[in-house]
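J.: Since the structure of chain A is already known, use the hints to place chain B on it.
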Amino acid sequence: MTSPKSSLGELPSRMKPADLGSAFGGSSRSDGLGGRLTPLRSTPAPLTPEASAESVHDIATPKLLETPETPDPVGNRAGESVVKTTREPAPATHPDAPAGGASQTIVVYLGLSVRERLRSGAGDLTFTEVVLTALDSSYGKLSKRFSEPDPPAGSMFAGRGRPRTRRNREARVQVSLRPLRDDIAVIDRLVTEVNAPSRSALIDAALDEYLP
Amino acid sequence: MTIPHVDRSALRRTIAVLNGKGGVGKTSLTANLSGLFADAGYRVLAIDLDPQGNLGNDLGYLGAGLGDGGAGLVVAGSTGVAPTILRDVRPRLDVVVGGESLHDLAAVLQSRRMSARGGGVTSLAASIGSVAADYDLTFIDCPPGNDVLQAGALEAARWVLVPTKTDDASRAGLREVARRFTEARKTNPDIALLGVALFGVNSSAKRVIAQAREALGQELGGQSLIFNATVRHVEAAAVDARNRGQLVHELERDVVSRPKWYERLRNPGVHTEPLASSAGVLAEDYQAIAEELIGRILAVEPTEEPVEVNA
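Protein chains in written order, with the working numbering: chain A, 864 to 1075; chain B, 13 to 323.
Isolated chain A (complex conformation) (with noise of 0.2 Å):
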């Protein structure tokens, strides 16, 4: 039936517990599982202080982006509406999450070509600050992008003729972001608002209308 792999480690397979197990008072079960999955939390654990310092999101954390105050070097173009002035301020997304400056890394898929024209288009700047800059420039027409369409003329199915999306034809791949807390709540926000189905979809559209 079923039989422990040679990925186990060092383990022979039909090792026994009773060979170490009772030796060094712990389970050979749990051998060959730990560190292979790269690790997900965003916050230390207690016991694993080592594990959590390959994590990814502090990988993704240069030192320097923790900085809130960022001039923007972009600019924004005379009549744009500008999400983070333009609003109340947003509750945060999570009620644990303090509100406030500090700022958090988040994790959003983009689009493959997406992805290339924001390496292209960010110059020196961060793909944060990209990103920000293109949910302000693009604000006004990500409701349509995400509005449902009228039915084709002669049906009445909503879904008939529908564009197929992004998702269904391109890779996509991980970009990490590190907004502010407030901008986050403030880009989850604008997701129900405009009725994108997720940050990222949100995000993806933004730099599709703004990036050259």
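The hints are simulated quantities; they were obtained by calculation from the structure and are not laboratory data. There are no misleading hints in this set.
Here are some chain B residues the structure puts well away from chain A; computed CB gaps all over 12 Å: (1) Asn-66; (2) Val-120; (3) Asn-255.
Taking lysine-lysine and the DSSO-like style, the derived pairs with C-alpha atoms no more than 27 Å apart in a straight line are: (4) B:Lys-198 <-> A:Lys-1004; (5) B:Lys-198 <-> A:Lys-1007; (6) B:Lys-33 <-> B:Lys-198; (7) B:Lys-33 <-> B:Lys-218.
Quantities reported herein were computed from a predicted structural model and do not represent experimental measurements. In this text, a Cβ means the ideal position worked out from N, Cα and C, and glycines have one as well.
T.: What follows is chain B alone, placed relative to chain A:
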């Protein structure tokens, strides 16, 4: 009401353990896999979404008088706030407790589903998403027959693990999962089937197992989604583990550490509790399932490029 936002990036290792039929191993798999991964060093959250609340028996916290019968999860799941967490039921293993109160959560979510205000089960997914980022793996033990709670789990999950027995009725439960899965994809397009694991098999019934695999393969369009590892039916070990509030690998440790049979015979005055010596067999099966589960996740995750370091 404002529809809570679901943080999908926090949920990308959230695994719903689901089958439309009861008694196919959902709770046993949830408990033992959670325990094994926590033992291996991962931070793990196990969520009991079943009104029967049996996860507490497997993990032993009900026997210790802990748990709120799911009352905390009713509030959290209906509003989207972070659920109450019972911490450290094992090192690195936390639990969101279920129980009878979850019938109330189902009622709230169902009424919202049927109202024009919208939102459906999103609040439950948002609640889970609000804490999942603190864990490397999150398992949801789903109820067998509560449509709206299952829908909530599937709204939150990135992966679905389906335990099944070899009989036709259990496999019919898989078809029920497929229906719910398709429905969930409309709002959770990232959800994917991690695999189907045969549970409670009689290792000597090789022909039955082969036939079950064949039938499952036909249902799934191939064998690739069927776990190679299976969990054998080892009644004595399963009963001993649950009665003692232990996981199977923990029972195995106790079995191994107790005096050997010849030592007991040499010292008849020493009382030792009889324990199922077959615990090792069952522990070996859970270990194999855990390894295969990691392999299946890794088979997908490396294809995603490493997280882009913010330029």
